[in-house]
Amino acid sequence: MTAEPTAPERFIRGILPENPTYRQLLGLCPTLAVTNNMKSALTMAGAVLFVLFCANVMVSLIRNLLKPHLRIVAFTLVIAAFVTIVDRLLAAYMYTMSKNLGPYIPLIIVNCIIIGRCEICASKESVLKAASDAIGQSIGFGIGLSSIAFFREIIGTGMVFGTRVLPQIWPDWVIMILPPGAFFTFGLLLGSVNYMVNRKNTSIKNRDSMK
Amino acid sequence: MTYITDIFLIAISAALINNFVLYYFVGICPFIGVSRNVDIAFGMGFAVTFVMTIAGSISWAITTLVLVPGAPFTRFIAGFFLDPGQAVQIDLTTLSYIVYIFAIASSVQFVEMYIRKFFPSLYKSFGVFLPLITTNCAILFACLTIMSHVAGVENPADVWGLSKALALSFFGGVGFTIAIVIMAGIREELDFCDVPECLQGAAITLIVAGILAMAFMGFTGVDSGLRVALTGG
Amino acid sequence: MEMTDRLNKNFLVQGWLVILLCLVFGGSLTAVQLTLSPVIEANKKNEILQIIPGLISEENSTAINKEATLPFTVSPFYVNSEKQGRHLSYAVFEAKDKDGNISGWAARASGQGYADKIELLLGLNPEAEKITGLFILEQKETPGLGNKISEIKWRDQFKGKKTDKAISAIKGKAVNANEIDAITGATISSKSVCRIINQMVGDIRPPLKMKLEESVHEKK
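Heads up: the sequence lines are chains A, B and C, in that order. Residue 163 in my numbering sits at position 163 of the first sequence; the count goes up by one each step and never skips. Residue 219 in my numbering sits at position 219 of the second sequence; the count goes up by one each step and never skips. Residue 216 in my numbering sits at position 216 of the third sequence; the count goes up by one each step and never skips.
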């Protein structure tokens with residue numbers, strides 16, 4: 001019986017080994033939609049961090065009061081409320097970004113990452129573990145989003161964060177910031193991650209079998 | 001006549017031109033997860049369309065009758081406590097996200113009971129997927145689109161009625177079904193191909209989806225041309 | 001009897017948490033809405049108000065002038081018209097200078113572009129006979145091609161155009177006074193902008209002229 005992961009372990013796991021985008025394949029809708037530039041991607045990651053952290057902490061606080069068959073209702077209510085708060089905050093203080101992100105902020109409510117973490121971790125563990133899990137997973141999500149956004153923005157427009165980086169000679173591959181580019185970039189990056197993980201696993205297997 | 005044109009254009013736009021999966025990126029999780037073979041994909045698409053239509057109409061009804069400022073139901077209830085001038089101003093749209101997600105959850109529950117009673121074999125083959133439709137982004141997205149055309153619209157003539165909301169929900173689901181069935185057909189063929197190991201599974205599905213999205217990009221401008229042709233501007 | 005008692009108790013015991021959460025969140029969301037909605041409304045208004053000075057006065061460029069102090073007082077109103085059974089409504093902003101004379105108008109219109117809706121703000125001189133500026137508020141045209149309609153260079157072509165004849169986008173070099181160059185590879189987007197402008201100008205010119213006469217009368 002393996003011991004339950006401790007708080008720091010949960011934090012580290014969320015970043016790369018259990019990365020929500022590349023390893024768990026959760027929360028794909030915003031991953032493809034808001035990654036056409038770095039600024040939107042980071043704002044979305046920040047919003048998810050806020051919602052996931054607050055939802056995890058709150059669910060963890062009330063975990064002993066939850067009845068089994070009403071827990072999904074409770075999770076949904078908590079998540080929807082925090083997403084509404086984040087949406088209003090963005091509309092008030094980052095109005096242009098809120099318009100760019102459009103309907104994808106409310107879609108955080110049905111983001112599988114958040115409901116998944118509430119179900120798997122927050123409803124069973126202490127507040128500290130739930131919080132560190134939330135932060136780890138959000139950082140992983142942020143890494144997933146930024147990696148895709150980086151390639152899409154730089155190849156598609158030659159810019160990063162809105163400032164031109166590539167020389168003018170570069171013909172902007174406009175397809176990269178359109179929907180097909182999202183699919184291609186994510187598919188290829190996912191393939192590369194799988195390749196690296198497989199290689200690591202086979203080398204570990206070879207090393208073990210040679211002992 | 002222009003009314004029918006409007007509905008026709010909304011339908012075409014939701015199904016093909018601004019396809020929910022390939023243009024707006026909603027409903028990607030089942031798109032990648034369930035598109036293994038055509039029968040299951042078609043069943044999933046059918047279920048999503050059914051749920052989307054019901055959830056879309058419920059959201060439209062609640063938004064129009066309860067949430068927007070000046071909504072009849074809220075005015076009636078508030079009329080007992082406040083004077084009419086204040087009652088008209090009550091704006092409950094902050095609660096819309098919470099209301100929609102519960103409407104969707106109830107619709108899924110209802111559809112599940114219906115399918116379990118009348119199509120038991122279909123119910124068995126769905127397994128765990130049916131409750132998962134609750135977290136399908138596409139349905140919430142349809143509700144949000146309807147909300148954006150009902151609440152906060154400047155010109156009262158542009159507010160969507162029930163028929164437009166229904167057209168969007170139903171044909172959005174149809175578009176989702178089209179995309180997922182095409183993808184399932186392609187994946188069935190891919191099973192016979194020699195896909196490199198690192199790309200197997202989700203990665204190759206995404207790349208194929210990219211090519212599909214490029215193909216659907218060919219529909220851009222069709223509704224614009226149709227609108228100009230049918231209404232003369 | 002005992003069973004129904006048990007069932008009832010069960011429901012309340014089970015549901016109390018959800019009901020409590022509903023109340024807590026309902027309250028906090030209302031609080032959030034009350035505090036933030038003025039800020040959000042102000043954001044929405046400022047978006048347009050910041051653009052108007054640049055559109056009206058011909059000296060400023062059509063770029064957004066964020067630091068500019070508004071030399072005009074701007075008041076919005078609606079111009080309505082019926083066409084083929086469709087009820088159209090344009091939001092028009094009236095810019096009055098310190099003395100109360102009308103300095104110009106900014107009218108908002110939207111219509112179908114190539115890919116999706118295009119929303120634009122058109123600046124007109126007080127008599128509504130000359131275009132003083134154009135700003136594209138919202139567009140989803142093809143990046144790199146159609147979305148060049150937002151570029152200052154292309155929009156400046158509309159400055160000074162007369163509103164008596166319809167403006168058309170020409171594929172080559174524009175020759176006549178009522179023609180502008182279409183964007184290479186984005187003819188439909190360019191033509192859509194012209195079509196939206198022409199339709200709106202045709203609908204609002206008479207009402208705006210009347211409003212100008214009224215305000216001149218009022219001053220006398």
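Please keep in mind that the hints were generated in silico from the structure rather than gathered at the bench. Glycine is no exception: its CB is placed at the ideal position from the N, C-alpha and C atoms. Hints are not guaranteed to be accurate.
Unchecked claim - Per the computed footprint, the stretches of chain A lying under chain B, defined by three or more beta-carbons under 8 Å from a beta-carbon of chain B, are: (1) 77 to 88; (2) 141 to 154; (3) 161 to 172; (4) 194 to 201.
Said to hold, decoys possible - Straight-line C-alpha distance at most 30 Å; calculated BS3-like pairs for lysine-lysine: (5) Lys140(C) <-> Lys164(B); (6) Lys164(B) <-> Lys153(C); (7) Lys45(C) <-> Lys99(A); (8) Lys164(B) <-> Lys98(C); (9) Lys159(C) <-> Lys39(A); (10) Lys164(B) <-> Lys44(C); (11) Lys99(A) <-> Lys191(C); (12) Lys99(A) <-> Lys140(C); (13) Lys211(C) <-> Lys99(A); (14) Lys45(C) <-> Lys39(A); (15) Lys39(A) <-> Lys153(C).
Hint by hint, here is what the structure shows:
no.: 1; hint: 77 to 88; in the structure: holds (count 7)
no.: 2; hint: 141 to 154; in the structure: violated (count 0)
no.: 3; hint: 161 to 172; in the structure: violated (count 0)
no.: 4; hint: 194 to 201; in the structure: holds (count 3)
no.: 5; hint: Lys140(C) <-> Lys164(B); in the structure: 22 Å, holds
no.: 6; hint: Lys164(B) <-> Lys153(C); in the structure: 39 Å, violated
no.: 7; hint: Lys45(C) <-> Lys99(A); in the structure: 14 Å, holds
no.: 8; hint: Lys164(B) <-> Lys98(C); in the structure: 46 Å, violated
no.: 9; hint: Lys159(C) <-> Lys39(A); in the structure: 34 Å, violated
no.: 10; hint: Lys164(B) <-> Lys44(C); in the structure: 27 Å, holds
no.: 11; hint: Lys99(A) <-> Lys191(C); in the structure: 26 Å, holds
no.: 12; hint: Lys99(A) <-> Lys140(C); in the structure: 13 Å, holds
no.: 13; hint: Lys211(C) <-> Lys99(A); in the structure: 34 Å, violated
no.: 14; hint: Lys45(C) <-> Lys39(A); in the structure: 24 Å, holds
no.: 15; hint: Lys39(A) <-> Lys153(C); in the structure: 26 Å, holds
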